[in-house]
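**Q** The lines below spell out each chain.
There are 2 protein chains.
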Amino acid sequence: MKAPKRIVVVGGVAAGMSAASQAKRRLPSATVTVFEKGPYISYGACGMPYNLEDPERDIEDLVVLSPEKARDDRGIDLHVRHEVTEVDLEGGQVVVRDLENGADRREPFDALVIATGARAVRIPLPGMDLPGVHVLRDLMDGAAIKRILSTGPRKAVVIGAGYIGMEMAHVLTARGLKVTVLEKLPQVIPGWCSETVAVVQEELERHGVDVRTGVTVTGAEAGPDGRVAAVATDAGNFEAELVILAVGVRPNVELAAAAGLRIGETGAIWVSQTQQTSHEAVWAAGDCAEAYHRILRRNAWIPLGTTANKQGRIAGANVVGAGQRFAGIVGTAGFQVFDLEVARSGIGEDQARQEGFDPVTVTIRQRSRAHGYPGGTPIKVTLVADGPTGLLLGGELVGPEGAALRSNILATALASHMTVADLQGLDLVYAPPFAPVWDPILVAANQLIKRVGRNGK
Amino acid sequence: MKAPKRIVVVGGVAAGMSAASQAKRRLPSATVTVFEKGPYISYGACGMPYNLEDPERDIEDLVVLSPEKARDDRGIDLHVRHEVTEVDLEGGQVVVRDLENGADRREPFDALVIATGARAVRIPLPGMDLPGVHVLRDLMDGAAIKRILSTGPRKAVVIGAGYIGMEMAHVLTARGLKVTVLEKLPQVIPGWCSETVAVVQEELERHGVDVRTGVTVTGAEAGPDGRVAAVATDAGNFEAELVILAVGVRPNVELAAAAGLRIGETGAIWVSQTQQTSHEAVWAAGDCAEAYHRILRRNAWIPLGTTANKQGRIAGANVVGAGQRFAGIVGTAGFQVFDLEVARSGIGEDQARQEGFDPVTVTIRQRSRAHGYPGGTPIKVTLVADGPTGLLLGGELVGPEGAALRSNILATALASHMTVADLQGLDLVYAPPFAPVWDPILVAANQLIKRVGRNGK
Numbered sequence: 003m004k005a006p007k008r009i010v011v012v013g014g015v016a017a018g019m020s021a022a023s024q025a026k027r028r029l030p031s032a033t034v035t036v037f038e039k040g041p042y043i044s045y046g047a048c049g050m051p052y053n054l055e056d057p058e059r060d061i062e063d064l065v066v067l068s069p070e071k072a073r074d075d076r077g078i079d080l081h082v083r084h085e086v087t088e089v090d091l092e093g094g095q096v097v098v099r100d101l102e103n104g105a106d107r108r109e110p111f112d113a114l115v116i117a118t119g120a121r122a123v124r125i126p127l128p129g130m131d132l133p134g135v136h137v138l139r140d141l142m143d144g145a146a147i148k149r150i151l152s153t154g155p156r157k158a159v160v161i162g163a164g165y166i167g168m169e170m171a172h173v174l175t176a177r178g179l180k181v182t183v184l185e186k187l188p189q190v191i192p193g194w195c196s197e198t199v200a201v202v203q204e205e206l207e208r209h210g211v212d213v214r215t216g217v218t219v220t221g222a223e224a225g226p227d228g229r230v231a232a233v234a235t236d237a238g239n240f241e242a243e244l245v246i247l248a249v250g251v252r253p254n255v256e257l258a259a260a261a262g263l264r265i266g267e268t269g270a271i272w273v274s275q276t277q278q279t280s281h282e283a284v285w286a287a288g289d290c291a292e293a294y295h296r297i298l299r300r301n302a303w304i305p306l307g308t309t310a311n312k313q314g315r316i317a318g319a320n321v322v323g324a325g326q327r328f329a330g331i332v333g334t335a336g337f338q339v340f341d342l343e344v345a346r347s348g349i350g351e352d353q354a355r356q357e358g359f360d361p362v363t364v365t366i367r368q369r370s371r372a373h374g375y376p377g378g379t380p381i382k383v384t385l386v387a388d389g390p391t392g393l394l395l396g397g398e399l400v401g402p403e404g405a406a407l408r409s410n411i412l413a414t415a416l417a418s419h420m421t422v423a424d425l426q427g428l429d430l431v432y433a434p435p436f437a438p439v440w441d442p443i444l445v446a447a448n449q450l451i452k453r454v455g456r457n458g459k
Numbered sequence: 003m004k005a006p007k008r009i010v011v012v013g014g015v016a017a018g019m020s021a022a023s024q025a026k027r028r029l030p031s032a033t034v035t036v037f038e039k040g041p042y043i044s045y046g047a048c049g050m051p052y053n054l055e056d057p058e059r060d061i062e063d064l065v066v067l068s069p070e071k072a073r074d075d076r077g078i079d080l081h082v083r084h085e086v087t088e089v090d091l092e093g094g095q096v097v098v099r100d101l102e103n104g105a106d107r108r109e110p111f112d113a114l115v116i117a118t119g120a121r122a123v124r125i126p127l128p129g130m131d132l133p134g135v136h137v138l139r140d141l142m143d144g145a146a147i148k149r150i151l152s153t154g155p156r157k158a159v160v161i162g163a164g165y166i167g168m169e170m171a172h173v174l175t176a177r178g179l180k181v182t183v184l185e186k187l188p189q190v191i192p193g194w195c196s197e198t199v200a201v202v203q204e205e206l207e208r209h210g211v212d213v214r215t216g217v218t219v220t221g222a223e224a225g226p227d228g229r230v231a232a233v234a235t236d237a238g239n240f241e242a243e244l245v246i247l248a249v250g251v252r253p254n255v256e257l258a259a260a261a262g263l264r265i266g267e268t269g270a271i272w273v274s275q276t277q278q279t280s281h282e283a284v285w286a287a288g289d290c291a292e293a294y295h296r297i298l299r300r301n302a303w304i305p306l307g308t309t310a311n312k313q314g315r316i317a318g319a320n321v322v323g324a325g326q327r328f329a330g331i332v333g334t335a336g337f338q339v340f341d342l343e344v345a346r347s348g349i350g351e352d353q354a355r356q357e358g359f360d361p362v363t364v365t366i367r368q369r370s371r372a373h374g375y376p377g378g379t380p381i382k383v384t385l386v387a388d389g390p391t392g393l394l395l396g397g398e399l400v401g402p403e404g405a406a407l408r409s410n411i412l413a414t415a416l417a418s419h420m421t422v423a424d425l426q427g428l429d430l431v432y433a434p435p436f437a438p439v440w441d442p443i444l445v446a447a448n449q450l451i452k453r454v455g456r457n458g459k
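Taken in sequence, the protein lines are chains A and B. If you read the first sequence in the working numbering, its first letter stands for residue 3, the second for the next number, and so on. If you read the second sequence in the working numbering, its first letter stands for residue 3, the second for the next number, and so on.
Chain A with its partners taken away, still in its complex shape (with noise of 0.2 Å):
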């Protein structure tokens, strides 16, 4: 491969500045050049919710790198407020508006990585373009947010009860607010176990927050200001000043398709593991691109930043010739709601049992803490394993300390392929303020055992 001259990247927050900067650091002869739509890049997308909690703080505090550092220290061609409109693969050009002035130009690239992220679901329906209605997705949401919040709103709805739903639920609450979550499945953080989600719930009305599932949007209602004042449901209207439209995310592929590139079935850009598209030019990352799943073994799509920023720091050595691979996800994930950590590594048993394996499954509760060691509090671990084989496909684990960073045992043993019995005899930390003499995770990994076959014994 000859070394590119010129590499640009669309898009610049996560997935798009990690690999500029790791391809400018390897390649320092070639002209890096990014094209950002947005005012911002290189933030901490991740963490606006918590930054939502605290009035005091700004919403640009989330910003790790402005442009100018970018350019002055990283020695980044970097664009914001400039849109790529069309990738032209035949001539190695991308076509790219100015949004500042609407001009049009083409620049020319040796190798591309198409870093342009995911965007809010927005319902489409009447009401949902009402002022008050907001997606949280990028810092120009939050900062709308943040505003609405400083004029003391009393009420808020939140439509969609995944984790972005269950983040706002709380910062909402915490700065006052009176807040009804609206979830149109049957339970709250869906696809999550049933006894996860039962201590979720449990948090969320503890903490004052009116819960409905199984209810439907129908719209949203403009009060006499022209702002909204209702979310309209099959189960009757609830008032809201603000409403965060949390139902999921879509990857921007659009620039992708149209140029040809290979669509996966996941609905996201098709990426090799070492973040090459279909075309040998082009290289993906973040959350507009698949990931290779391990347990999975195939390519899933589950955008999350720390896969955007290893994805994208793989990309950008790769577009410079370094062949690295991306080991991939195991579907490791976390948040916190009030004063629960909730966290998942791997899939679930129902997703186990979709893609053909015979699951068993086992949930505990222990201590977080060593018996007579004071202030510990219970975890609720759940795992899931192949029953025949004894394979471990995942985990889940609630409680409100010690619960999430638990998670990372699970996605270390998940990527070595652990068996049940593997996970049994792990040598893990004990001293009475950390963990219990039999760490939850080995509780769980005792009882497990217990229902699976000969194989994984």
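A pair holds if it fits inside one copy or across any two, identical chains being indistinguishable in the list.
Below, a list of computed lysine-lysine pairs in the BS3-like style, where the Cα atoms sit at most 27 Å apart: (1) K157 <-> K186; (2) K452 <-> K71; (3) K4 <-> K452; (4) K452 <-> K7; (5) K180 <-> K148; (6) K157 <-> K180; (7) K71 <-> K7.
Hints are computed from structural coordinates only; laboratory data are not their basis. Treat the numbers as computed from the prediction; the structure is a model and nothing was measured.
Starting from the known structure of chain A, fit chain B onto it as the hints suggest.
**A** Chain B only, in chain A's frame:
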């Protein structure tokens, strides 16, 4: 193997009670007899320092199971204050002394589990038997120290700067004493890397502990009341009304050795991974026994409560024919000292070199939570790998939060014999309250990968 009718267990704390409970549960028809020399069984010895910190809590809070409950609920024939003084392997009998009346009797066994634990080293120096000089090993030691603390002593000397020394420096300071730590070696927590040591030393000093390393104790001196008043050293005298001797432990192997059982090179009772000793009817578990070390690929002696519980359970299962294997240890350990969590897994650079590896090491600092998330604190991570192969050998973590539980990532990775590249590829949990987008472990792996050979990449 014929099912044993009479199972005798020597020792009733962690390993012994785990073995007895497991054997009885699996083979209720067997008579399972436990002889425990002391008055207590099944207590959380590791919790003693933390219990001592709280003047209001009774030391007996640490007892998990009373002799009565062991008898009534678990059907174990339990005898406290009974010391086994001889094992007659030929005759299949033990000689046991009732410490209440000094009477000896013989008890036959079909299978024997030795769980005699370890004892604290007492330095043979003048004055080390004075009132006020204590080791912290069993519950009676804890009770005695607690009584002294209730009299309001002002100054304490801790001899030895290992885990127990560190925990006691913390606890005694918290109880209002002025504490001096004396360590013969040139550093606190001998065996840990200098980067971790520096943070721990600073923490001790920040809390007013007088830390003296490279100091040799020559004896203890009595005051006019006949109780200890000072510790004499080659660097002068240090006043103390309470002296904690924390210079290490030795396995209680005398009973096993006298019976002709094989003692390993470590000085502890040799066992196979089934916990069987060199005699087919005798198993050993816990602090008196060796443990298979998965990195060293041979037996080691690292006495810890969690290993004792696991080995005891396996010994108890195997006594009745379960055929289980102890997966082994990887050297995971942790402790709290003041506001610091300190933990390790695997082997350090010096030991790696002694074992014939060609180690490379990195130390990094990273915050425990995401950029812009309040309350994060620095974690220092040191990782050691074999340079030529990239095989991960171990690591240490130190910091106010999130250090201890992250050692489980290393423990799990080491159990799978991961390389640094494998570690770098882990899908660890990311959410702003729990971790930065690049977890400290990944930041360290990203650095260490640069220092390992081609095979390790």
